[in-house]
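Novice: Letter by letter, the chains look like this.
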Amino acid sequence: MMSQKTLVMGVIGADVHAIGNKILEYAFKQAGFKVVNLGVMVSQEEYIKAAIETAADAILVSSLYGHGEMDCRGLREKCDEAGLENIPLYVGGNLVVGKTPFEEVEKKFKEMGFQRVYPPGTPPEVTIADLKKDLGVDG
Amino acid sequence: MMSQKTLVMGVIGADVHAIGNKILEYAFKQAGFKVVNLGVMVSQEEYIKAAIETAADAILVSSLYGHGEMDCRGLREKCDEAGLENIPLYVGGNLVVGKTPFEEVEKKFKEMGFQRVYPPGTPPEVTIADLKKDLGVDG
Amino acid sequence: MELKNKKLDENIFKQIQREVLQQWPTGKDVNFDDAVNYHKSIPAKKVFSNQLKKAKQKGDTLIQPRAGVALVNEHIQLLHYLEQQGEADLLPTTIDSYTRQNRYQEAENGIIESKNAGRSLLNGFPAVNHGVELCRKVNEAVNTPVQVRHGTPDARLLAEITIAGGFTAFEGGGISYNIPYAKNVSLEKTIYDWQYVDRLIGIYEEAGVSINREPFGPLTGTLVPPCISHSVAIIESLLAAEQGVKNITVGYGQCGNLLQDVAAIRTLELLTEEYLEKYGYTDIVVTTVLHQWMGGFPQDEAKAFGVISWGAAVAALAGATKVIVKTPREAMGVPTKEANAEGLKATKQLVTMLADQRMPLTHELENEMNIIIAETRSIVDKIFELGEGDAAVGAIRAFEAGVIDVPFAPSKYNAGEILPARDNYGAVRLLDCGNLPFSKEIIDFHREKIEERARYEKRNVSFQMVIDDIYAIGKGRLVGRPR
Amino acid sequence: MELKNKKLDENIFKQIQREVLQQWPTGKDVNFDDAVNYHKSIPAKKVFSNQLKKAKQKGDTLIQPRAGVALVNEHIQLLHYLEQQGEADLLPTTIDSYTRQNRYQEAENGIIESKNAGRSLLNGFPAVNHGVELCRKVNEAVNTPVQVRHGTPDARLLAEITIAGGFTAFEGGGISYNIPYAKNVSLEKTIYDWQYVDRLIGIYEEAGVSINREPFGPLTGTLVPPCISHSVAIIESLLAAEQGVKNITVGYGQCGNLLQDVAAIRTLELLTEEYLEKYGYTDIVVTTVLHQWMGGFPQDEAKAFGVISWGAAVAALAGATKVIVKTPREAMGVPTKEANAEGLKATKQLVTMLADQRMPLTHELENEMNIIIAETRSIVDKIFELGEGDAAVGAIRAFEAGVIDVPFAPSKYNAGEILPARDNYGAVRLLDCGNLPFSKEIIDFHREKIEERARYEKRNVSFQMVIDDIYAIGKGRLVGRPR
Ligand code: B12
Ligand code: B12
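Protein chains in written order, with my numbering: chain A, -19 to 119; chain B, -19 to 119; chain C, 3 to 485; chain D, 3 to 485.
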């Protein structure tokens, strides 16, 4: 039996896209994770508070609506200040306004301190595999 | 009343696209021209023979199927040899295989001795206006 | 305040108006009399209500994109392009998400950052920040009626500024711009705030200026059964009509099954007119809009063209008054103007090509219509029952009770107990009817439809079906068959 | 020679074969026994007959492009791309126009010029010039069945070489590859030459190798009423069956009116099976193909996507076994492989998305089917009458008499007396029935349909309607309304 890892997840900013969030929650639970789903319209502070309270192993940020770039700025730094220096940050969805080559988007978000950045349409299986690897869970 | 001008027209080579040909014939007749329509699959010799026999004022060549470049080569020279040095040659349709910028196509066919070259989708009105201008018919 | 579906009292309206116009500095430039004069100078062909009424009479299907960028000149260029290259019959101005949340300061930052970056960092046009004059500049730059499209729970300031700014149509509603677009805002609050918007438009109507109002039909855009969106559309139409709105477009998001979609558009018009009539609003012009597929799109642009074209075909065959058009870039991000125009042109080709064809009223179509009618009547009548005859009160109690319930909605004021899934032919049915006030007959109908599919797919009825259906169109199917 | 619909005598066949194989040097490489062995080694999933039979059983609609370029490696690249990026279920090899006219020397020049120019100067793949081995190379390079598509009045050598070259399907017929594709070639000659092709395939069948045969459905692709193309399809099926062909796909070019198109595909299958049965051919597998709109296309690519998608939707709703796909570049010229794949992907999206929906058999659909059935039976039965029971003789006499007549055909062996035009709903009707052997009832039906349109358009019935209809789709309409 694997030790259960805890994920904090939610959709950042003023973003209300709820469908992917519900599906991801379902998929992560099926894959054996403990999931703290903050739903949509989550502020940076809410992620951090939940991560501390639940001693989470990773924070998964979704942004679909195009303001991801502005909404995600500073999250890494705030985590570090709150003592979450080692917590991995994942981000996925439609991260910027418009269709930008994914390499640029990835670079931008990695510079902002996200470990993993996912393009639109990434199936849950991919993230689950990455999570298991990164968090040392054997699949 | 305008003096009636005679046009020889047809679709060159092994090309059987008949619809545009039938419509052009109808449109040219409506516009007051005398039309000698050779139909589809017309050889260079047939155009020349018909133009001489009917003392035509212009030859209108259609090519739709993509082999126009090969089929039209030498027509100008053959006309000149047959004593039709002054007869204007018009060509239109889908003149080459594939989608080539029309300027290139036009250049190529003008070099081959065609006075006027028309892109796909040219409505009959345009050609009729040009014909009237070129043949000195007042519209 | 005690919420009732009653025309807002003039004094209360005035009092709220003073507060609203102070929410952001641009509010002070709103002047009603000047706005009325301004509207009266707008040529008829640029007035939304007009064009829709004409299209309805002639049986035309008009096409309209979604579009909005941060800066005024870029936005004008965008609209020009959609009008000229895209052959749009109606234009939009889509508002950015910060404005929708009344976060005008963040919108202001977005404007500044966009100016610096040389590209729009906002996902729409921040009309409040730009103010009345610049809105008029936008409207004057084009030859086509322009609608404000957004998703704003509290749209009072936005309405004041954009209508004074010359826009002739305004999307939204107290339910349809809350439940899919908010998390923590109560329905009391949004219905009340939208009574204000509707009353504002009613006052314009009384001054001789007709502004088109469109409840947002597709809701969450994802497997919403027609009876749910129809019920919301009817209630919002009644609420709007009470405040004096006279020109209403009710909407529906394409589900994908031809018969169900045609039945939905036809019953939507029928039922809305019926209920308006029944409750005494007899002089309302009702038109319909079909939204091309509102759920997740295929990433591939050619495939997206297929989805777009199918929506266009259905709009024409159903006889919708207008169709809201998606773009081949839908799955990727806010489209370029070129991509937007492409979606429009594919749609234009089909609505004009199929203009002379309508889906014949067959036995199957009638059955489908009868189901939708029966379902919708159960819900709407129950709302009135719960509200003791008041649509506003009833709506709030109905959402509490799950008597009306929107699938996958983010709002905590939505019960979220129903589960939709496709039947074996792709029509959206209910795998779980939750607390919808359906007769046993209707509940059995849904169960049987889903079980028919389960038998065909040789699996049990389960949530996995729903997930498969959500991903299906992105993967080229309508029904999410097991792999 | 006296033409009869009778199985070709073995000796005569052999004698012709010797001549045919000498028409071009590559003919000498054809070896029947070797070819049979070769075919037997082809995996089932690469065999056309197989895949069609399976699709028919499962109710799938397969998608197939048109494509061919001058040089072998480029052609292989093209097919690879269409298979992998375009998700084609079936592949084509479209033959160039010189080969179609048996002008192998000009085709040879085209190959050389193409090599020099670094781009294809031929509008298709010159399979005869390339010969058996290179054809096999093409077939071996892909994982999907490949059909020879052409338009060749005398396709005997082409058939010998391509079938020995491993292609598993062959398009065409003595009528359908003459009347729209030739000017001066008699029907006696082409029917006779196609009896040879069909017999060749019959001989392969007898050796256990099933080659699919597909009469060319759309004819001139322009306002061809279903009864005309159905009659040709049925006669060619009978001619093919007599020579031993067992796997036949009958085709129809989309006209644009949903009901008429669905009715056409359904009756095509029905009637073909009925007549084959009636004349004693009881073991033939009949499948159907819908050709997406075959007339003039819009120049704009997004609009072309609309037209393509509508064809895809109709194929699915009608339940055609396969659909031949156009490309967004149709109006411009032979498409790039990318454009070709785009047409395929839009089509794939729709045929899979609509896989679970069929147009219900309604009263209106039944009426439309009954009209097509009555019209087609009048023509086909009259053909048998004129031929004193012989379909081949009857066909020739029928064309002479205008009893069957293809609109806008270039052939002088076609009467060219009928004039098609659209009715007020876009269905193709007859403005002039020429000499078609129709009952007064049917003739009146057509007249009334056209007059209904004329009244609506407030103009007289005239040839201008036909011209307007020909241009219509290119201009975004189906019915060519007066400007
Ligand atoms: C449905 C939908 C809506 C619904 C949402 C209903 C609701 N409350 O959920 C409605 C209609 C309300 C809506 C509104 C808006 N939308 Co919207 N919407 C969509 C649409 C069509 C589908 C989204 C969806 O549900 N997909 C299905 C789910 C299963 O997939 P998903 O959301 O992509 O999530 C998956 C993956 O992305 C991934 N993933 C997501 N997050 C993360 C995070 C991590 C860490 C990982 C590993 C993976 C991951 O896994 C998920 C599950 O598989 C998309 C376009 C599309 N994708 O086709 C646009 C889209 C997201 N919307 C967009 C926009 C702009 C808006 C609006 C601003 C304006 C508008 N167009 O009306 C408003 C915004 C409102 C707001 N404040 O947020 C844009 C975003 C543009 C951009 N980024 O450039 C899109 C891309 C459409 C477009 N091309 O313009 N929308
Ligand atoms: C219908 C059609 C057919 C029918 C023709 C029936 C018949 N016998 O007439 C059939 C199915 C038989 C057919 C066959 C083929 N076709 Co074809 N066909 C078409 C199609 C779809 C429409 C043509 C048409 O009737 N248009 C309507 C008329 C009114 O317009 P038009 O022909 O363009 O003519 C107008 C103008 O061009 C202009 N014009 C024409 N000539 C001239 C001359 C002058 C002087 C002037 C001023 C103007 C002018 O005025 C005309 C009237 O408005 C076109 C694509 C398209 N345009 O959408 C392809 C197209 C022409 N065909 C094409 C090809 C390749 C073929 C085939 C080789 C292979 C195939 N795809 O099956 C064979 C060739 C057979 C042969 N030997 O010729 C290609 C040509 C490619 C290229 N040039 O790069 C096209 C463009 C399709 C494509 N994109 O691949 N075809």
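It is worth saying that the hints were derived from the structure and are not from the lab.
All of these numbers come straight from a predicted model, not from anything done at the bench.
Note that beta-carbon positions come from the ideal geometry of N, C-alpha and C, so glycine has one too.
Treat each hint with caution, since some may be false.
[Said to hold, decoys possible] List of simulated lysine-lysine pairs, DSBU-like, C-alpha gap at most 35 Å: (1) C/LYS414 / A/LYS9; (2) D/LYS30 / B/LYS90; (3) A/LYS79 / C/LYS117; (4) C/LYS117 / A/LYS87; (5) D/LYS30 / D/LYS280; (6) B/LYS2 / D/LYS185; (7) C/LYS47 / C/LYS248; (8) B/LYS87 / B/LYS(-15); (9) D/LYS30 / B/LYS14; (10) D/LYS477 / B/LYS113.
[To be verified] With beta-carbon atoms standing in for the labels, derived distance ranges: (11) D/ALA119 / B/GLU83: 31 to 41 Å; (12) D/LYS30 / C/ARG461: 13 to 23 Å; (13) D/PRO27 / B/THR80: 57 to 67 Å; (14) C/TYR458 / B/GLU83: 49 to 59 Å; (15) C/ASP31 / A/GLY54: 49 to 59 Å; (16) A/VAL106 / D/GLN79: 23 to 33 Å.
Novice: Each hint should be assessed against the structure and marked as holding or not.
Specialist: Evaluated hints:
1. C/LYS414 / A/LYS9: 22 Å, holds
2. D/LYS30 / B/LYS90: 43 Å, violated
3. A/LYS79 / C/LYS117: 19 Å, holds
4. C/LYS117 / A/LYS87: 22 Å, holds
5. D/LYS30 / D/LYS280: 40 Å, violated
6. B/LYS2 / D/LYS185: Measuring from Cα to Cα gives roughly 14 Å; hence the hint holds.
7. C/LYS47 / C/LYS248: 18 Å, holds
8. B/LYS87 / B/LYS(-15): This hinted pair holds, its Cα atoms lying about 27 Å apart.
9. D/LYS30 / B/LYS14: Not OK: D/LYS30 and B/LYS14 at ~51 Å, beyond 35 Å, violated.
10. D/LYS477 / B/LYS113: Roughly 27 Å separates the two Cα atoms, so the pair holds.
11. D/ALA119 / B/GLU83: 31 to 41 Å: 18 Å, violated
12. D/LYS30 / C/ARG461: 13 to 23 Å: 59 Å, violated
13. D/PRO27 / B/THR80: 57 to 67 Å: 33 Å, violated
14. C/TYR458 / B/GLU83: 49 to 59 Å: Holds, at about 57 Å.
15. C/ASP31 / A/GLY54: 49 to 59 Å: Violated, since C/ASP31 and A/GLY54 (Cβ atoms, about 34 Å apart) do not stay within the stated range.
16. A/VAL106 / D/GLN79: 23 to 33 Å: Given range 23 to 33 Å: holds, Cβ gap about 31 Å.
In this structure, the hints that do not hold are numbers 2, 5, 9, 11, 12, 13, 15, in rising order.
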